[in-house]
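All chains should be modelled from the sequences, with the hints used to inform the complete structure.
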Amino acid sequence: MIRFEQVSLTYADAPAPTLRDVDLTIEAGELCLVIGPTGAGKSTLLGLINGLVPHFTGGTLNGRVIVDGRDTREHKPRDLADLVGVVGQDPLAGFVTDTVEEELAYAMEQLAVEAPVMRKRVEETLDLLGIAELRNRPMRTLSGGQQQRVAIASVLTAHPRVLVLDEPTSALDPTAAEDVLAAITRLVHDLGVTVVVAEHRMERVVQYADRVIELPGDGSARIGEPASVLSTSDIAPPIVHLGRLAGWNPLPLSVRDARRLADPLRQRLSVRSHVPDRSIGAHSSGGAGAVLAAEGVVVTYGDTVAVRDVSVELHAGRVVALMGRNGSGKSSLLWALQGSGPRAGGTVRVGDRDPMKLSAADARALVGLVPQTPADLLYLDTVDAECAQADRESDAVDGTCRKLADRLVPDLPGDHHPRDLSEGQRLALVLAIQLTASPQVVLLDEPTRGLDYNAKDRLREIVGELANEGHAIVIATHDVEFVAAAADDVIVMADGEIVATGPTADVISSSPAFAPQVAKVLSPAVYLTVDDVAQVLGEG
Amino acid sequence: MPRSLHPGAWWLWALGMATAASRTTNPLLLLLVIVVVAQVVAARRGDAPWARGFKAYLLLGLIVIGVRVAFRVLLDGQYGAHVLFTLPRVPLPSFVHGVRIGGPVSAEGVLGAIYDGLRLATLLICVGAANVLANPKRLLKAVPPALHEAGVAVTVALTVAPQLIESGQRVRRARRLRGEQKRKFAVVRTVLLPVLTDALDRSLLLAAAMDGRGYGHTNTVERSRRFATSALMLGGLAGICCGTYGLLDGTAPRVLGVPMLVAGTVMAWAGLAVGGRRVRRSRYRPDPWRAPEWLVAGTGIAVAAIFVLTSNTDASGLVPSLQPLRWPALPLMPALAAGLGLLPAWLAPPVQRTNVVTRAAPAMAGAA
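In order, the protein sequences belong to chains Y and S. The end of the first sequence is residue 635 by our numbering, with every number in the run present. The end of the second sequence is residue 371 by our numbering, with every number in the run present.
A couple of the hints might just be wrong.
DSS-like cross-link-like pairs, simulated, lysine-lysine; straight-line CA separation at most 25 Å [claimed, not checked]:
1) Y:Lys215 <-> S:Lys144
2) S:Lys58 <-> Y:Lys215
3) S:Lys140 <-> S:Lys58
None of these hints come from the bench; they were simulated from the model. Being a predicted model, the structure only gives us computed values, none of them experimental.
What follows is the structure, given as C-alpha cells:
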C-alpha cells in the first residue's frame, strides 16, 4: 500500500538528512506504529505519506514514496486527499468549519462528492466513531477526546485507504485515549483501513500494532514485528522492560499476555509490596507545617465552577501528582495556588502570605508555575537573552538562570532561538527561569506532553533532585507511568473536586484507569515500576 | 417543522428594515423599528455562540447616540432659539473660521443629534439582528462557487479572531508568571510577539490540514477567462455599491438608484456564472429556499418599499420638525409598515435547539 524506495529527506539549512535511504513497505490493512525519540523524523515520515513533506514544508526528497500506485512527487497533498487522511497533533488547529457535521462534510465538498452520497457517508461515519450525539456541537465546546475522534471522522468521510495519525492520544486523559484507540482499532478491523500512527506513549498502542517502524535518530528506519523490534529498541514501554528483566520470550506487549507469563515472577518476588519512598528529604515524615496550605479554594468562570471547595497541603520534599480528566479543574487549581489565576473563594497561604495579594514578582518568589504551553513565557531571541532577562527579573546574581539550566539539561545551546529547542529543552529552560526566583513551591502543568521516554526520565530525575533540596512540587499530568515513577502522593480530581488523595501506591494501584502497567501485571502484589521490581529481585 | 431559515432571507429582511429606518428621523418610528427587530430576534434566534451578541449591538447603538450628542454639544450646539445652557467657549485662531468649541447649547441641536444618532443606531441594530439570526458562516457557505475562495478566507479570518484573543489572554497571564514588566511599551514585545507567532503557527497548521483534505483541488483555467471573470465581478460590485448608495440616500439622482443596482447585479451575476464553471465542488445540505424564505424576505422588502414611497410623496411624517420645535407625530402608514416587519416572528420556522452544553471556555485556554 505504501512503499518508501531509497527515501532521503533533507530540510533546507539542515546539516544532515532527517531520513536517509529509508526502504520499507507498509502492507494494506496494517496498523503500523512509528516510534523513536524526539527529532528522529517521525513527523517527517508521516508527512511524506501524503506529500505534505516536501510539498508544504520544503526540503529535498531523494528516492520516491508511492501510495497505492501514486507517486507523491507528482501528486500534491490535495490530489491525495481521497487516498490518505491525515490527523495532526492538535486537531483543533486543523478544523475549518465550526460544527461537527459540516467538518465531516468538508473534505467531500472539496472532492465534489454527490450530495446524497455525502449525506449517507456523514451518517455512517458519525456512527462508526460514536459521535452521533455531537453532530450539531460547535468545535470549541468538545472535549479533547471528542475533538480527536471528530478529526479522525472528518478525514474518514473521504473514504481514504490510508489513515495517518500523529500522536493521537498524547494530550488525552487515559479514558479518552482508550476511546480513541478503540475507534482506531475498529477502523483497522472492520474497514481494512491502513493506519500509520506515531506515538510517544506507546504503552497503550503497541499491543494493537501489526508492525513497528523504529527510527533510532540517525536517519535510518527499521520495520518489523513489534516483539522483535522492541526486544532491542532503546525506547520501550514498561511492560517490555519488565519482560526483558524477567526473561520472558516472546516479549508480551499487552497486560493480558504478561499476566499469563507472570506467575513465576510473582512467586520469585520475596516481598508482596515494594514502593520505595523516593523523598529522601528530611521533611517527608517530620509532619512539620505545610509549605503551602490551601483551604476551600473555589474557581469559577461565569456560571461554571472549575474548582469546588478544594483544600490541599503541600509539604517540602514531596512530589504530588495531580490527575484527572481533561477539564476536571487541574489547571485552574494550579493557577489559583500560584495566585495569578482567578480565585472566587478560599484561602491560600505560603508561610503567612497569600500569593494572590502580592505583586507578581513577589508571588513568583513563593510559588513558581510552568504552564501547559511553556513557550508562552519566552519572548526573546536567544536562550542566553532569556536567561539574562530572568536574572534581572528576579534580582538574582548574573548567571544564576544559566547555571540552573545547565544543571537541568547540560547542552542547552545559548545562541539558539527558544523556538528551535526540543520540547524537553524548552521545558527545562522555562523551569530554570522559574527556579531563578527560588520559589519553594514548584507547580508543573502537563510537563510530560510531547516528551519522549528519555526526556521523561530526565524530568523524573530533575523533579527528584528538586524535592531533595526541599522544594514542594505538584505535577499535573495524564501520564500514569510517569506518576508511578516520580510521585510520592497523588491527588485525583473530578468535576472540580478532589475524589482521592494519598500515597501514590494506594491511589493508583487499584484504579482501572490510573494503574501503571507493572501494577496491573503483578497485582495483587503492589509494585509500580520496573525499577522497584529490579531492586527486589536484586536483593532477593 | 423547526429548521433554520436560509441566512439570505434574514439578511434581506434585516436590510429591508435598515433601508426603512434610513428614510426617517422620527424617533417614534425608529423606536418602533428597534422594538420590532428585537421582538423577532427574541422569537427566532438559536442557542449557538453567535446568537448571543444582540445585547452588544443595542449597547453599541446607545454609544453611537451618546457620541453624536456629545459632539453636537461640544462643537455645534447653537442651532435653535431654545438655549438649554451655555458652555465656556474655547477661543480658536481665526484661520479655523467656522469651527466653534463650546458656546450656547440649544434644545433643537441636542434633539437633532439624538434623532440622527438614533437613526444610525437603528441601522446598526438591524445589521446586528441579521448577524444574530443567521450564522454569518452559513451565509458564506451560500456564496456562489466563484467566490468560494474568498468565502474560505473570510471564514478562516472569523475563526482566527477569537483564537487571537484567547492566546492573547493566555500569554498575558503567562507574563505575570515571570513577574510584571515595569515598562509599559514592553507589551508590544512581550505579548504581541508570542501571540503573533502563535497565530502564524496555527495558520500554517490549518493550511496544511486544508491542503491535506483536498482544498484547492480544482482544474486550471486559461488566463482570458480569469480576466473576464475579474472584470465582470469588479464592474458589477461597483454598480451594486453605487446603486445601494443611490437607493439609501434620498437626495441622490434617480439614475443612481434602482437602474444602477440592477445593472450591477446583472454584471456580477454574469461574472459569477463565468467564474463558477472552473470550481468543481459540491455542497453539503445547502439551506433550502422555500415559502418561509420568500415570505420573510418579502416582508423586509415591503417595509422598505412603503417607507421609500412615503418619503417620496409625503415626507412630513418621517422627518419631524425641529424648527419650530414640535412633538413628533406617528404617521399611520409607515407605522403600520414597521409593524409588518414583525411578521417573521411567526412566518419563519421555529429554530432547532442544538442543546449545546457550553463548557466553560476558561480564559486560561490551554485547559482544554
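Each hint, compared with the structure:
no.	hint	verdict
1	Y:Lys215 <-> S:Lys144	20 Å, holds
2	S:Lys58 <-> Y:Lys215	39 Å, violated
3	S:Lys140 <-> S:Lys58	20 Å, holds
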